[in-house]
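Note that the protein sequences, when read in sequence, are chains A and B.
Residue 245 in the working numbering sits at position 245 of the first sequence, and the numbers go up by one each step.
Residue 1500 in the working numbering sits at position 500 of the second sequence, and the numbers go up by one each step.
I should point out that these hints are in silico values taken from the structure, not numbers from a laboratory.
For every residue, glycine included, the Cβ atom is placed at its ideal position computed from N, Cα and C.
Heads up, a few of these hints could be off.
[To be verified] Covered by chain A, according to a simulated footprint, are these stretches of chain B (three or more residues, beta-carbon under 8 Å):
hint : segment
1    : 1022 to 1036
2    : 1154 to 1167
3    : 1223 to 1231
4    : 1408 to 1421
5    : 1447 to 1455
6    : 1503 to 1516
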Amino acid sequence: MHPKTVYPYIPNSVPQVKAAMLAATGARSIDDFYADIPAALRAPRAMNLPAPLLSEARLKRHVQGLLARNRPCSEVLSFLGGGCYQHHVPAICDEINGRSEFLTAYAGEPYEDHGRFQALWEYCSMMGELLHLDVVSIPTYDGLQAAATACCMAARYTGRQRVLLAGNLSPDKCSHIRTYGRSTIVFDSFAFDAVTGSIDQSALAAQLGPDVAAVCIDNPNYFGAIEDGPALARLVHASGALLVVGVDPGSLGVLTAPGDYGADIVCGDIQTLGMHMNYGGGHGGFIATRDEPALVMQYPSRLFGIAPTEVPGQYGFGDVAYQRTSFDKRENGNEFVGTAAALWGITAGVYLASMGPQGMAELGEGILQRVAYARAQIAAIPGVRLAHPGSAHFKEFVVDFNATGRSVATINALLREHAIFGGHDLSGLFPQLGQAGLYAFTELHSQADIDTLVQTLALVTRP
Amino acid sequence: MQDISAARFTRGQPHLRRYHQARWDEPVIFELSQPGERALLLPEVEPAIAATAAAPLPPGMRRAQAPALPQLSQNRVLRHYLRLSQETLGADLNVDIGQGTCTMKYNPKINEQLARDERISQLHPLQDESTVQGMLQVMHEMEHVIEEVSGMDAVSLQPRSGSQAIYANIAMVRAWFEARGEAGQRDEIITTIFSHPSDAACAKVVGYKVITLYPDADGYPDLAAMQAAVGPRTAALVITNPEDTGIFNPRIAQFVQAAHDVGALACYDQANANGLLGITRARDAGFDLCHFNLHKTFATPHACGGPAVGACAVTQALAPFLPHPRIVKDGQRYRLQTDEKTSIGKVAAFMGAASIVLRAYAWVMNLGADGLREVAEVAVLNNNYVMRQLLQIKGLSAPYANGKSRIEQVRYSWRELSEETGVHAEDIGLRAADYGVHYWTSHHPYIVAEPATIEPTEAYSRADLDEFVQIMAHIADEARSTPQTVTSAPHRCPTRRVDTKYLEDPRQWAMTWRAWRRKLAEHGAR
């Protein structure tokens, strides 16, 4: 028997209580309850774990000691993007997602969890306004999963087997999509234009055919370049395929909603809508479509709907077409569904309600302007170039360091000495770009921040 | 002087709570909108920035109209969401043992505080490794914890849920057989009907035909059926133990052996691991892969359904197939490794939900090995205690394995009560909400008639458990005396029963406000 510690999170670890409960069950010891576990299956030894930090004070000191080994973006100037972004998180977002009721709720019915259903339905509704689409799913894991599922939905809907992936998607997204969909889908990719960073429409046209279920693009793409959505939609639809578009929802205050230029399935990540970066833990995926029953029935994730109750004037909510899901039909449902990222959906709702139309428009416009300014300033540094100089960009763009004779790794190491996290090193992911870094700018970057970056880049790339 | 305390008891028993959930009759947020109001101002754009000319957008790519989001001042946004939060019954507020199979536990507040520290919340996943050594150490040490709990050799914490971990494990099964040139031949996965629906659904996503075993007369997975089902086409067995019935299958190693005998792998779904920490491990029964849900067994918040983490644990032989990247410790330095050619690649963005891993890590560091075992033992004690009490209620039974103990949960049946009164398990759940507790029936299909799965975990006191039992007994009495009270429940929740026809009919379903308004305009009110 181990020592009789009374554990603060385990009320019945009090020895007398335990003894009384054992007596009530008629068991002699707790081991009686484990009688069905054969000796051969018993763990051969106690777990080898560090000595416990039983007091909250010691635990806090230990964990904070570990965290002190991190250098957060709040203490430096960071220009990292590539799928996760440092935006301002309104205090009200933290306040709501920290509320015990939301934080610790799980799978309640639409009655005792009415507020959870309404908050998530409202999140979907606000996303619907941003995306200009009538159907939005309850959050899935992240933008990668949303894109993977969007491809599978398109294949089921069209009955076709090929999906074309844009060559300027995030490599991680491609990896997940391919692993996830490969049992039912044949994936091919098509090239991007080296000069613009955008999709090469003739390369895409050459691959389109009657077997193509969908074309999956990001707009803005991984390099931050804004694709010609309407032209791509026309091209894709002419072959009878669906256009799957991944978007940064934070761009939609200024960029046309994909549904308005013909995207059939829109997907993406809500991390930018009120979630901290959390070392990549702040992600949640969304999937949205028009309200066409045949398309709606392809969603694997939960869809919440509004409905009347027995009381006139009372809003009720519940699961729409639950029989689509694996919860109801196991392997005969669509893909699988379970715990995903609901709290981030509620939080994104708080964010969108706080920003409103004006806030989202100003956010988008301000980022477009900061990017334009940063591009002009960076392009003026001797030896430093823009990889895609003629294209319009949102939030991020590729900086070409090939002419400096320095590697991105070296430049970033030097920038760190000046408390700057430079752009994400693309040299391994896109070898055709050579030494290039992906730099991101948000509403948090002031002119002084950008000027500091430019001056320091000039310094560390000086021959 | 009035003895207020004494009036709260009858014959030594506390009265049932006079609970009533907040009912705010809160409008949909769009109805609260007041044009011109706003809740947040953004950093201004300096003149030099505003004056810079940008490259023109491609034609048709500039949004014509701002999105029709609601317009509210900040205090009105806050009030709206606080009202909705009050209309939500979190585990912090109720004895949430009625959400069996989901392991509802206390989520310590210190862990929440730590996870909201800027030295984790403000980390970018692509920062240089030298600037995230603390985070990598936390994740690496949590991998070690999972290795200790499972007996396995290597772990990935990348999946963002238990289901995604099941998916990753089955994707690794596929990769394993591809590496051996057997993928074409092995196209079947065997699972059981009492396992989570995702076990079957993930196998299908990865491309397998699913064979489902049903329980034998005693409620165990049918070993004879397993032996008949395995063969050269079997890729893996995917099974949990105990299953959602709470009955431990003592022949689990024979199931694994039957899979191994035909060259197949065995995956352990460890979503139900809470009663087994430090007692028995996946490795001890011969499994090749397993997974845990950190938001269940390791006490991180369920958060209305995520964010979450699923941990994949595998033997050394399967380690090269784990998702990328993996954390490697070189001396005292941690780094990320992505060069394993046989890896299944990514299953989630970046390293998964790191702040959830931090919470689980803090929970384990607080408890240690002895504490984890205490978690298991008290969870099992609580479960068997509750079973004894609940089975005193006439009309409620625990099918299968009569007289035997259960591990961490029990699937009960209200069949007898339902046949006698016409009250269904679902009605009982809705009536339970009137007493401030959540209760859920169970996953489909209902192999156990009129089911309810109760999982007390270690997190509830004896008094909490007694209260839950008392509520169930009271509702069973009501089912006989005033069944209408139960079948028309809930009465004290924010809303009454929903007209579910709206949720099934494409002409009436509305997943957004814009769709609802459009359909009202098109079809009119009935």
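Verification of the hints:
1. 1022 to 1036: Holds, because 5 residues of the segment 1022 to 1036 of chain B bring their Cβ atoms closer than 8 Å to Cβ atoms of chain A.
2. 1154 to 1167: This one holds; 7 residues, not fewer than the three required, reach chain A with a Cβ under 8 Å.
3. 1223 to 1231: This one is violated; 0 residues, fewer than the three required, reach chain A with a Cβ under 8 Å.
4. 1408 to 1421: Violated: only 0 residues of the segment 1408 to 1421 of chain B have a Cβ under 8 Å from chain A.
5. 1447 to 1455: violated (count 0)
6. 1503 to 1516: holds (count 12)
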